[in-house]
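In order, the protein sequence lines correspond to chains A and B.
Residues 761 to 1299 in my numbering are what the first sequence lists, from first letter to last.
Residues 761 to 1299 in my numbering are what the second sequence lists, from first letter to last.
These are calculated hints, taken from the structure and not from any lab test.
The structure displayed is predicted, hence computed values, not measured ones.
Some hints could be false.
Derived, one-sided and incomplete: chain B residues facing chain A with beta-carbon distance under 7 Å [said to hold, decoys possible]:
(1) PRO814
(2) ASN821
(3) GLY858
(4) SER1279
(5) ASP1280
With a straight-line Cα cutoff of 30 Å, these simulated DSBU-like cross-link-like pairs (lysine-lysine) come out [stated by the list, open to error]:
(6) LYS1201/A with LYS1175/A
(7) LYS863/A with LYS1283/B
(8) LYS855/A with LYS870/A
(9) LYS1133/A with LYS855/B
(10) LYS798/A with LYS1283/B
(11) LYS972/B with LYS1175/B
(12) LYS1282/B with LYS863/A
(13) LYS1245/A with LYS798/B
(14) LYS798/A with LYS1237/B
(15) LYS1282/A with LYS1297/A
(16) LYS798/A with LYS891/B
(17) LYS870/B with LYS855/A
(18) LYS863/A with LYS891/B
(19) LYS798/B with LYS1282/A
Pair ranges (Cβ atoms, derived) [stated by the list, open to error]:
(20) LYS798/A with ALA975/B: 51 to 57 Å
(21) LYS1133/A with ARG1293/B: 48 to 54 Å
(22) LYS1133/A with LYS870/B: 32 to 38 Å
(23) ASP867/B with LYS1237/A: 34 to 40 Å
(24) ARG1293/A with ASP867/B: 33 to 39 Å
(25) GLU764/B with GLY983/A: 38 to 44 Å
(26) LYS798/A with THR1241/B: 17 to 23 Å
(27) GLY1035/A with VAL785/B: 35 to 41 Å
(28) SER866/B with GLY1005/A: 43 to 49 Å
(29) GLY1173/B with GLY983/A: 55 to 61 Å
(30) ASP867/B with GLN979/A: 57 to 63 Å
(31) PRO862/B with LYS1133/A: 18 to 24 Å
Every residue gets a Cβ at the ideal spot worked out from N, C-alpha and C, and that includes glycine.
Protein chains: 2
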Amino acid sequence: MSAEKRPQAIELSHHLSDLAKARQVSPLKGLQKFMLNKDTIVLAGGLPHPDYFPFADVSANVLVHDAYSLEPSEERSSSLSWVWKLFGAGSSKEKTTGITIPKYVSDANKEVNLATALQYGTAQGIVPLQKFIKEFSAKVYQPAYENWTILLHGGNTDAWTRAILTLCNSGDYFIVEEWTYPSALASAAPYNIRPIPVAMDSEGLRPDHLRKTLAEWDQEARGARRPHVIYTVPVGQNPSGATMGAERKKAIYDICVEFDVIIVEDDPYYFLQQGVYRPKSERSVNTLKHETDKFVSSLAPSYLKFDYQGRVIRLDTFSKASMINLQSYIAPGSRLGWFTCAPLLAERLERQGETTTQAPCGFGQSLISQLFKTWQYDGYVRWLHGLATEYRSRRDYLIDTLNEEFQVSRTVGTKGVWEGSDIFEFSFKATEMSEKLRQRKLFSLVPPTSGMFLWFALHFENVPGFRQGDEETLEEKLWETLAKKGLLVAPGWFFASTDDVADAGEGHFRISFSNAEYSDMKKAIGIFAAVLREFFKEH
Amino acid sequence: MSAEKRPQAIELSHHLSDLAKARQVSPLKGLQKFMLNKDTIVLAGGLPHPDYFPFADVSANVLVHDAYSLEPSEERSSSLSWVWKLFGAGSSKEKTTGITIPKYVSDANKEVNLATALQYGTAQGIVPLQKFIKEFSAKVYQPAYENWTILLHGGNTDAWTRAILTLCNSGDYFIVEEWTYPSALASAAPYNIRPIPVAMDSEGLRPDHLRKTLAEWDQEARGARRPHVIYTVPVGQNPSGATMGAERKKAIYDICVEFDVIIVEDDPYYFLQQGVYRPKSERSVNTLKHETDKFVSSLAPSYLKFDYQGRVIRLDTFSKASMINLQSYIAPGSRLGWFTCAPLLAERLERQGETTTQAPCGFGQSLISQLFKTWQYDGYVRWLHGLATEYRSRRDYLIDTLNEEFQVSRTVGTKGVWEGSDIFEFSFKATEMSEKLRQRKLFSLVPPTSGMFLWFALHFENVPGFRQGDEETLEEKLWETLAKKGLLVAPGWFFASTDDVADAGEGHFRISFSNAEYSDMKKAIGIFAAVLREFFKEH
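Pulled out of the complex, with its shape left as it was, chain A reads as follows:
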């Protein structure tokens, strides 16, 4: 740990939206000094006595921090296999430990308790949770400035909506990756806050195109000021799966300093970093020993590490996913996460939260807090390492299965999003098709290095009868055919930041490996292959 003094965040108030500036601090807050006297009798609020909370205590059985093995395993043919490995075949009991949250405790600030968690609801959350998050963020993200702070939010969708409304006025634009998370656009759209796409490559956002976009911004022609906000998902980029490393982040950060841009770093997949995919034959059997600091420094760093000016707003979540998908699934219901940012921005974000859900659910806060008390920092990092291993196994299994189902050839990309990437191109296996069909490229992908998604490009130009401009209808048609045959994937157009991006791109699918049973993933590839066989034959 450096003894060097880090700078303070720069002046950022000019970045605030009119709405953010209009939010008042409750005049009573200034009188809070009277609350510090523990003998003060408070008859000022509208809180029920904790005796009236029907919950006397809440408990949980939680998995131990090292529940997930660090050994990539070929035996992961079933999601329960790791259980059998730990406990022997036939055992279905997960290895757990108990946690309890009583209603009353002796030191209500130090120990998690329901009287506090179900009552107190400052946007900063209960004290034990705040402490854990602060310590965790300091150790893992190592912000480059001194006076950074954290603030709880209700999940990254809530966080981003709060951020964009705090920073942008109606009519403003904000920078996004050309392919991005649609919900982020949906948050901004009703307020007439619109996206400006910037090109991507194998590491994500391209600095050259970012600089060009900002430098050449014509305020008059656009009828709006130059964008001063970037929305980015730099690790496990949604949907491309790219991971942005340190050098690229520094380069982009420097451009943001030059053009005075705020970076909103939406990072739900930060801990699902998996390294480069190697086909089975190339894979080494590496038994990983876990060491907390070693694991943490193996991760591509956050933008915070380079943020000497305090212009990054980082969004962390305990949810691991925040997308509305076809079933209107919404992020795992802990609905809990936190901002890491400069105090001025945190204060305005807190004001924004006060008229909505204010503090995240007390039940969630106290359960997660008590879980961390049990696991501690080291245990939580070990847990995350186990989780990353799980996701790597899932990614590897899915791509392995594709490799087995299809013929694969590899090439290096020369243009667009995949410029410089190691591309896997898939065609029908030699044995099953006519010579003519065999050589047709069906789809390509660049294996993701983080996250939970495969991003497929479909080679519709090889569909018989194809005409330029057919990509859109064919993408839709293939999507629907797959759906009818029992496989739901996410169609590419859903992730295009603008219509232009959608039109320019060939057909895409985004396929998730986070949730399905391994047997279902195998089945899914079978369905996919069967549908492709028909699709590339008949049309």
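Mind docking chain B on chain A? Use the hints.
Here is chain B on its own, set in the frame of chain A:
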């Protein structure tokens, strides 16, 4: 139950704000039909497998539904006395029963389970909870139209903010009670949506003044269209404590039909209805037998009961209080409640929620859901009856203590908010003061019939050296003196809907009886009396 067919909600889309109209339904929702096939493999989303949720199960010990006695008791000198009554002196064990939420169950839609609650997060909430809420609302509120629906929200502050943004554009006005809940104004203010106060009396909002305000609205002079939204807290009106009965609600509803106004009924104290306060000597000792239907029909009905057009948006909460007070206490951390309203409005409110916290916390939903499964409808109503009894005892205790500490005389109000009310006027006891001081009215109150607050009017005109216009500074000064002496109350100005209302009113305090120990309430009155003695003497 009437066999009469109830009407459908009327056409309400003209009430939607521009923002509400701009919100898009995700285009993928139309393709949800494919999800109905249980064999469909879904690789479209970004959800983690429930195996990765570290919570194997969550349990709680909850109070039994009849934990609170229905006997108003003079022995409630300590908040634990009821416990002793139930279990004998020396016993501190609450009477509880256990509930458990496992991660996996056989029927994930019927039984509460973590894999669903921590995953699924539609704004409509988990199915068991929806069902309970729908049944409860039907039985208790009996909406007068056919196609009403419910939608979860994250507490009444979130609910009101969503409602006002769904209904009003920047520049619009909305009707409020002249004294009201400040947080409601704070939600609207940054969007330049401003309150129009309407006069109140002993039952709350006055129909004659409401009609006058709407009929005489001068669009040109105001630069805004006539208000089409009322924000009202009709039961346990905050801060006056009034309870609005059926006849008054009907009269106001009729005016809203005539002028096409939406009623937002914020009703967090609905179940804290206590009846008229009677001094100890006048109190009858009534042992209440509990019967579910009898208790429910004893309550002043909701506006929903008269809402044949579907123009009421009702806000219910499990939180029992949603106010930011001096300590930034925020409503009990269940952060859970629901709207009851017409489908068109619910759909737009749901869209609004999708870019913020979407679904309330899965932990909270599943714990509350399982609690209701244990208590059932009848048990929950019995619980509410017990709670109302508790609040009545607290109210009675606080006013009894004032009656003992001061000299009381009673009179009927002739003007303003207390016109027609039974007013209690307090002065110094005969024995302790000079003749001159003894006759000075110090403060007055009208005992609340619901809720958790006493609303005091201070008679600053009797402070020696008083001059017209001093009320504001004296209110502040008295407030601060009390705070320094260890008693925090809420100052009246905080509840004035506009500056004009604040200026016109004499000094007020709002004092809560929801939270303090009985011994602290007694101590508080002692502090209050001591401070008043000095205040009305020296100045």
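Status of each hint after checking the structure:
1. A least Cβ separation of about 5 Å between PRO814/B and chain A falls short of the 7 Å threshold, and the interface hint therefore holds.
2. Interface hint status for ASN821/B: upheld, as the beta-carbon distance to the closest one in chain A is roughly 4 Å, under 7 Å.
3. Hint on GLY858/B is violated. Least Cβ distance to chain A is approximately 9 Å, over the 7 Å limit.
4. Of the supplied interface hints, the one on SER1279/B is violated, with its beta-carbon coming no nearer than about 10 Å to a beta-carbon of chain A, more than 7 Å.
5. Annotation: ASP1280/B was flagged as interfacial toward chain A, and the flag holds, the nearest CB pair being 5 Å apart, inside 7 Å.
6. Between LYS1201/A and LYS1175/A the alpha-carbon distance is near 17 Å, which keeps this suggested pair within the 30 Å criterion.
7. About 26 Å separates the Cα atoms of LYS863/A and LYS1283/B, which keeps this hinted pair within 30 Å; it holds.
8. Restraint check: the Cα-Cα separation between LYS855/A and LYS870/A comes to about 28 Å, which is no more than 30 Å; the hinted pair holds.
9. About 29 Å separates the Cα atoms of LYS1133/A and LYS855/B, which keeps this hinted pair within 30 Å; it holds.
10. Between LYS798/A and LYS1283/B, the direct Cα distance comes to roughly 15 Å. Compliance with the 30 Å bound is thereby established for this hinted pair.
11. Restraint check for LYS972/B and LYS1175/B: the C-alpha separation of about 18 Å stays at or below 30 Å, so the hint holds.
12. Of the supplied pair hints, the one linking LYS1282/B and LYS863/A holds, its CA atoms being roughly 25 Å apart against a limit of 30 Å.
13. Between LYS1245/A and LYS798/B the CA atoms are separated by roughly 12 Å; this keeps the pair inside 30 Å, and the hint holds.
14. For a cut-off of 30 Å, the pair hint linking LYS798/A to LYS1237/B stands: about 22 Å separates their Cα positions.
15. With a C-alpha separation of about 23 Å, the suggested pairing of LYS1282/A with LYS1297/A holds against the 30 Å cut-off.
16. Of the pairs offered as hints, the one joining LYS798/A and LYS891/B is violated, with about 43 Å between alpha carbons and a cut-off of 30 Å exceeded.
17. With a C-alpha separation of about 27 Å, the suggested pairing of LYS870/B with LYS855/A holds against the 30 Å cut-off.
18. A C-alpha spacing of about 28 Å is found between LYS863/A and LYS891/B, which places the hinted pair at or below 30 Å, so the restraint holds.
19. A threshold of 30 Å between alpha carbons decides the hint, and for LYS798/B with LYS1282/A the separation of about 17 Å falls inside it, so the pair holds.
20. The hint said 51 to 57 Å for the Cβ distance between LYS798/A and ALA975/B, and at roughly 54 Å that hint holds.
21. At about 49 Å, the CB distance of LYS1133/A to ARG1293/B agrees with the hint of 48 to 54 Å.
22. In this structure, LYS1133/A and LYS870/B meet the distance hint of 32 to 38 Å, their C-beta atoms being roughly 34 Å apart.
23. The hinted range of 34 to 40 Å is satisfied by ASP867/B and LYS1237/A, whose Cβ atoms lie roughly 36 Å apart.
24. Look at ARG1293/A against ASP867/B: about 38 Å separates their beta carbons, and that is inside 33 to 39 Å.
25. Taking 38 to 44 Å as the suggested C-beta distance range, the pair GLU764/B and GLY983/A does not conform, at roughly 57 Å.
26. Range check, LYS798/A to THR1241/B: about 20 Å between beta-carbon atoms, so the 17 to 23 Å window is met.
27. Judged by the Cβ atoms, the range 35 to 41 Å given for GLY1035/A and VAL785/B holds: they are separated by roughly 39 Å.
28. For SER866/B and GLY1005/A, the Cβ-Cβ distance of about 46 Å falls inside the hinted range of 43 to 49 Å, so the restraint holds.
29. For the pair GLY1173/B and GLY983/A, the supplied restraint of 55 to 61 Å holds, since their beta-carbon distance comes to about 59 Å.
30. For ASP867/B and GLN979/A, the Cβ-Cβ distance of about 59 Å falls inside the hinted range of 57 to 63 Å, so the restraint holds.
31. With their beta carbons about 23 Å apart, PRO862/B and LYS1133/A fall inside the hinted range of 18 to 24 Å.
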